[in-house]
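Going down the list, the sequences are from chains A and B.
Note that our numbering has the first sequence beginning at 2, numbered continuously upward.
Note that our numbering has the second sequence beginning at 187, numbered continuously upward.
Treat the hints with care, as some may be off.
Stated by the list, open to error - The following label-pair restraints were derived from C-beta to C-beta distances: (1) A:V42 with B:G465: 29 to 39 Å; (2) B:A488 with A:N43: 28 to 38 Å; (3) A:N43 with B:S341: 50 to 60 Å; (4) A:W66 with B:K360: 31 to 41 Å; (5) A:R60 with B:G465: 29 to 39 Å; (6) A:I27 with B:K429: 55 to 65 Å; (7) B:K360 with A:V42: 15 to 25 Å; (8) B:T375 with A:V42: 54 to 64 Å; (9) A:L69 with B:K360: 50 to 60 Å; (10) A:M733 with B:G465: 46 to 56 Å; (11) A:I27 with B:G465: 49 to 59 Å; (12) A:A737 with B:A488: 48 to 58 Å; (13) B:A343 with A:R60: 50 to 60 Å; (14) B:P415 with A:L69: 26 to 36 Å.
Don't read these hints as lab results, they were simulated from the structure.
Everything numeric in this text was worked out from a predicted model, so none of it was measured.
All C-beta atoms in this analysis are idealised placements derived from N, C-alpha and C, irrespective of residue type, glycine included.
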Amino acid sequence: MREVPFILAAFVTPAFFVAGILLAAIPIVIHILNRRRYKTVNWAAMEFLLRAMRKNRRRLKFEQWILLATRCLLLFLVATALARPMGCKDSTLAAIAGQRSGLHVIVIDNSYSMAYEAGRPNAATHLDRAKALAKELIATFSAGGESVSIVVASRPASAVLAAPTYDIAAARDAVDRVQQSFGATDLLGALRLAQEIAQKEKNLGEKRLYVISDGTRSAWETAEADAVKQLAPQLAQTFRMTHFNLGRRDQWNQAVLGVRPSGNLVTNKLSNDLIAHVQSFGSGPDPLLQWKLDDATLPGGGQVHFTAEPKDLAQSAAVFKSGGAHIVTATLNGEDRLRLDNTRHRVLDVVSDLKLLIVEGERGMTRMNGSGAFLELALAPPQEGPSESGATRSNSYVAPELISDLELGNKVLGDYRAVVLAGVGQISPTQADQLALFVKNGGALMIFMGEPVAAENYNQVLLPRGLMPGALTKRVTAGSGNNGFNFDFKPHAGVHPLLAEFANIARSGLDTAQIYTYWQMELKPDAKVERVLDYLAGANGTTTAPANTAQNKDPAITLHQLGLGRIIVVTTTADPNPEWTTFPAKPNYVTLMHELLSGSVSTADRWMNVSAGERLVVPTGIKFTGTPTLTDASQREIVLEPLPQGGVAAYRSPPLVRPGIYRLSTGAATVPIAVNIPPEEADVRTLDDAAIKKSLGDAPVELQGDVLPIAVSGVATAGNDFGWPFMLLGAMLVAAECFMAMRFGHYRRT
Amino acid sequence: MSSAPQTTDYRKYLDPRTLARIGGLDLRARLIVEGLMTGMHRSPYQGASVEFAQHRPYVFGDDIRHVDWKVLGKTDRVYLKQYIEETNLHLICVVDASESMGYGTIQSGGATWTKYDHATAIAASMSYMAIQQQDSVGLAVFDNQLKKYLKPSNSPAQWKTITHELTIVPRTAKTGTGHVLDQLAEKLTHRSLIVVLSDFFDDLDGIKKGMRHLRYKKHEMMVFQVLDPMEIEFPFEDVTLFKGLEGLGELLTEPRALREGYLEQLNQFTDEMKKMCRGMHVDFQRMNSSDPLDVALSNFLATRSASIK
Numbered sequence: 002m003r004e005v006p007f008i009l010a011a012f013v014t015p016a017f018f019v020a021g022i023l024l025a026a027i028p029i030v031i032h033i034l035n036r037r038r039y040k041t042v043n044w045a046a047m048e049f050l051l052r053a054m055r056k057n058r059r060r061l062k063f064e065q066w067i068l069l070a071t072r073c074l075l076l077f078l079v080a081t082a083l084a085r086p087m088g089c090k091d092s093t094l095a096a097i098a099g100q101r102s103g104l105h106v107i108v109i110d111n112s113y114s115m116a117y118e119a120g121r122p123n124a125a126t127h128l129d130r131a132k133a134l135a136k137e138l139i140a141t142f143s144a145g146g147e148s149v150s151i152v153v154a155s156r157p158a159s160a161v162l163a164a165p166t167y168d169i170a171a172a173r174d175a176v177d178r179v180q181q182s183f184g185a186t187d188l189l190g191a192l193r194l195a196q197e198i199a200q201k202e203k204n205l206g207e208k209r210l211y212v213i214s215d216g217t218r219s220a221w222e223t224a225e226a227d228a229v230k231q232l233a234p235q236l237a238q239t240f241r242m243t244h245f246n247l248g249r250r251d252q253w254n255q256a257v258l259g260v261r262p263s264g265n266l267v268t269n270k271l272s273n274d275l276i277a278h279v280q281s282f283g284s285g286p287d288p289l290l291q292w293k294l295d296d297a298t299l300p301g302g303g304q305v306h307f308t309a310e311p312k313d314l315a316q317s318a319a320v321f322k323s324g325g326a327h328i329v330t331a332t333l334n335g336e337d338r339l340r341l342d343n344t345r346h347r348v349l350d351v352v353s354d355l356k357l358l359i360v361e362g363e364r365g366m367t368r369m370n371g372s373g374a375f376l377e378l379a380l381a382p383p384q385e386g387p388s389e390s391g392a393t394r395s396n397s398y399v400a401p402e403l404i405s406d407l408e409l410g411n412k413v414l415g416d417y418r419a420v421v422l423a424g425v426g427q428i429s430p431t432q433a434d435q436l437a438l439f440v441k442n443g444g445a446l447m448i449f450m451g452e453p454v455a456a457e458n459y460n461q462v463l464l465p466r467g468l469m470p471g472a473l474t475k476r477v478t479a480g481s482g483n484n485g486f487n488f489d490f491k492p493h494a495g496v497h498p499l500l501a502e503f504a505n506i507a508r509s510g511l512d513t514a515q516i517y518t519y520w521q522m523e524l525k526p527d528a529k530v531e532r533v534l535d536y537l538a539g540a541n542g543t544t545t546a547p548a549n550t551a552q553n554k555d556p557a558i559t560l561h562q563l564g565l566g567r568i569i570v571v572t573t574t575a576d577p578n579p580e581w582t583t584f585p586a587k588p589n590y591v592t593l594m595h596e597l598l599s600g601s602v603s604t605a606d607r608w609m610n611v612s613a614g615e616r617l618v619v620p621t622g623i624k625f626t627g628t629p630t631l632t633d634a635s636q637r638e639i640v641l642e643p644l645p646q647g648g649v650a651a652y653r654s655p656p657l658v659r660p661g662i663y664r665l666s667t668g669a670a671t672v673p674i675a676v677n678i679p680p681e682e683a684d685v686r687t688l689d690d691a692a693i694k695k696s697l698g699d700a701p702v703e704l705q706g707d708v709l710p711i712a713v714s715g716v717a718t719a720g721n722d723f724g725w726p727f728m729l730l731g732a733m734l735v736a737a738e739c740f741m742a743m744r745f746g747h748y749r750r751t
Numbered sequence: 187m188s189s190a191p192q193t194t195d196y197r198k199y200l201d202p203r204t205l206a207r208i209g210g211l212d213l214r215a216r217l218i219v220e221g222l223m224t225g226m227h228r229s230p231y232q233g234a235s236v237e238f239a240q241h242r243p244y245v246f247g248d249d250i251r252h253v254d255w256k257v258l259g260k261t262d263r264v265y266l267k268q269y270i271e272e273t274n275l276h277l278i279c280v281v282d283a284s285e286s287m288g289y290g291t292i293q294s295g296g297a298t299w300t301k302y303d304h305a306t307a308i309a310a311s312m313s314y315m316a317i318q319q320q321d322s323v324g325l326a327v328f329d330n331q332l333k334k335y336l337k338p339s340n341s342p343a344q345w346k347t348i349t350h351e352l353t354i355v356p357r358t359a360k361t362g363t364g365h366v367l368d369q370l371a372e373k374l375t376h377r378s379l380i381v382v383l384s385d386f387f388d389d390l391d392g393i394k395k396g397m398r399h400l401r402y403k404k405h406e407m408m409v410f411q412v413l414d415p416m417e418i419e420f421p422f423e424d425v426t427l428f429k430g431l432e433g434l435g436e437l438l439t440e441p442r443a444l445r446e447g448y449l450e451q452l453n454q455f456t457d458e459m460k461k462m463c464r465g466m467h468v469d470f471q472r473m474n475s476s477d478p479l480d481v482a483l484s485n486f487l488a489t490r491s492a493s494i495k
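Same shape as in the complex, but just chain A:
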């Protein structure tokens, strides 16, 4: 970057100063030109003229020069005033005569935690005090000389006044327009905005940054804390920073941080436990917990005795009579000063018929001889006796459909929640693409091995698309006469969440199941793959695993994520096969398959639950019969923005500001949307000054409380702008010039 000469750096707009130097020469040039341009007169009374000249020569010369100098100085001063020279820092002259110049960026944290009612006079909440403080600050600024930008720090951070204004009244109005947000804090975004504003206004003299926040952990101890720590020292090179901490040391809050089902899948066919995750930040009286399901109060709940740790409170009385979206609400009735986070809604997509597509790669003479039939039977066992229509009926929440691999191309995968490839030999690239899209959009895929499986095809087609966690390297078979391989399952040691049902249960079958053949799979080192279950290494000396270590065990069941969906790979067959495994014959096979399915199927309600400040993103899988409309709790319509086709989302809303239950009309149906306070905003415990300074990367920052100190009100003796005094002097010179020009100057009367 080119160095700016020191003299020019002392001006807000140095170009005017340079222009002033040039302009000052204009009167001299005009004077010289006028001396050359004269008229000639023959004059009789020359003697008197000469006498007058002799007598007044000195006076005339003095007048001429002073007039010329005044004109030059006048132009120079006007240009210099426009260049807005800045006085030296903290100079007495600057304090007396100079008008201050500079840029003030005020970051106001208006996140939800700022709604804390601190009980100050004339300021109900922290935000009220923050706005009052901001206006007090602005009142100390010099109108016309100092510019102000206002940035709010609720997610996503935005500038209320992006272009710095010199209009103090407008700045105060902008502060008045700052509204309480119900979203999380985006301190990093706000600081970045301040940096962008400063970069655009390089010439605005001294720059000051004021961050007004409640100093809570929710604001400073976020996932972006490291980025803030890195950014703050950079900001300190541009700004003089001041932090006003409005938080009270004794402030406390109780909140419901989350409501979730105990399992991954909620059905109306099975009992479901609901869990409320609650916490008290700071100490307060014990509140009462109340549960509701679709506005009907549920039994349970009661008084909550908080400790320092969060609590999970279960609700087992919820009975979902039908499938579809249901709203579960947990409310803490307490006396804390942040009430909105005491209630949390959760929209649950209750499954009544989970459509499952089982693709068989191997078919036999009878239905049960197929490679997926046993799995179908396990997941949806028929009721006792045939139905009236003769079709087999099941009481299961799973509605499987069994097809051969030849039919896979004819199916619309979006109609299913999960797809199972049971011993499918080869997958065409087109089918693989469809499967990959299906999973990325939230579908679940389960892959079982089998006799027809062509490892080369899997490695070439499925692996590059992320559908396999690793390459199939070798088919491992226990020798004839040998015992098969066992799963490495220790019920009392740590078990994978998908196997939680088997925890602490001895002889669950998992530990005794025999596997005779499986495909060895080499997991990609960088792949984020969860090993659900491994084979016990060295059980009969035939395993290829050299040692019984976790890294070298062959995976039996893996789980990995692709887009929004999950993929489970089982390296042996899904059907009982003496050459492969006897595990399907075990009673717990059914349980395991249900757990794998429910654990891999994405909850379809994820998009229905958003935090305040976030957008609602409607996935493409939702079927619309008309233009979708979204209304908030007060029945106000919110416009949805259609998104380009081919993506995972069909519509997007603007950020949803207020918490509550929204309604999305899809034409034929209405879907509830729960908008909740971000749970992290509930933590109102404050940080001390040292911690805030550390959060700012130990950058130089003035740490203030919730009042404007005298030192700050005197801000600003530094970097004073002498533009107006120069302009005033210029105006005085104009008057003087006019007088002198009238008195003895050269001017034309017309």
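Based on the hints, put chain B in the right spot on chain A.
Same frame as chain A, but now just chain B:
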């Protein structure tokens, strides 16, 4: 004889802007005089002669000394007795014909009315009036020396000669008023009324010396300082190069800044002239060449009237 329209009409012949359009000096002078006389209530043609000329009815303002009481007694009508006058005055018109007198700024019909034009118009008019009243008229034209001198004569041809001389004199030299007045004092043998017409842009001490010499010789004097309006007002604004006439050099200046000083110098000179004239019982009149001529001529008539009593 006197009527309002005529009174208004004669004025135009006294206005320099009108005179500038009139070619010959003799015609100018005749028009001036006839016009002026027509507008006067008081007859200028009264004299101290004993030869009766005629009676005329009395008009308000006439001197009652000339009322014919016998006629009044017989007829109850007031008549005045008028006599044919005799020559009893020598008028010498002394006209400055230096280069500075050629300065003039009054424009009319493409002609420029200079100070010299103004001075000669006055001189010719006075001469005409004097000759009409049988007075003797002489002429002296000068710059730095006496260029032309005509002895006083009351011959009607004298006026033609005077106007002719006034017309042909070149104006190129500097002024030497004092020296010329000295010369004139030596030349004049009869007691005369000397009318000096000049801008007097000259050495004041020299002028004083010359005038004192004339007064010593018992001559009556009338002094007319003829100035151009530009010289009196000095209204210049723009940067101007003043080229001095009579070899007084050049000056490039902003006239606006110098105006006050210049007028101060001019008025100071005029005041000194006035003071000097008053001390010598000489009538002094500063004339603006843009002003009508009646002031000068009326003064002349009053002075003449007083001098022949």
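Hints, verified against the model:
In this structure, A:V42 and B:G465 meet the distance hint of 29 to 39 Å, their C-beta atoms being roughly 35 Å apart. Range check, B:A488 to A:N43: about 36 Å between beta-carbon atoms, so the 28 to 38 Å window is met. In this structure the hint that A:N43 and B:S341 lie 50 to 60 Å apart at CB is violated, the actual value being about 39 Å. For the pair A:W66 and B:K360, the beta carbons lie near 36 Å from each other, so the given range of 31 to 41 Å is met.
Checking the proposed 29 to 39 Å range against A:R60 and B:G465 shows it holds: the Cβ atoms sit about 34 Å from each other. Taken as a hint, the range 55 to 65 Å is violated for the pair A:I27 and B:K429, whose Cβ atoms sit roughly 31 Å apart. Our hint of 15 to 25 Å for B:K360 and A:V42 holds, since their Cβ atoms are close to 19 Å apart. Taken as a hint, the range 54 to 64 Å is violated for the pair B:T375 and A:V42, whose Cβ atoms sit roughly 44 Å apart.
Between A:L69 and B:K360 the Cβ separation comes to about 38 Å, which falls outside the hinted range of 50 to 60 Å. Between A:M733 and B:G465 the Cβ separation comes to about 53 Å, which falls inside the hinted range of 46 to 56 Å. Against the hinted window of 49 to 59 Å, the Cβ-Cβ separation of A:I27 and B:G465 comes to about 56 Å, which satisfies the hint. Distance hint check: the CB atoms of A:A737 and B:A488 are about 54 Å apart, consistent with the given range 48 to 58 Å.
About 58 Å separates the C-beta atoms of B:A343 and A:R60, a value consistent with the hinted range of 50 to 60 Å. For the pair B:P415 and A:L69, the beta carbons lie near 32 Å from each other, so the given range of 26 to 36 Å is met.
Against the hints set out earlier in the document, violations occur for numbers 3, 6, 8, 9.
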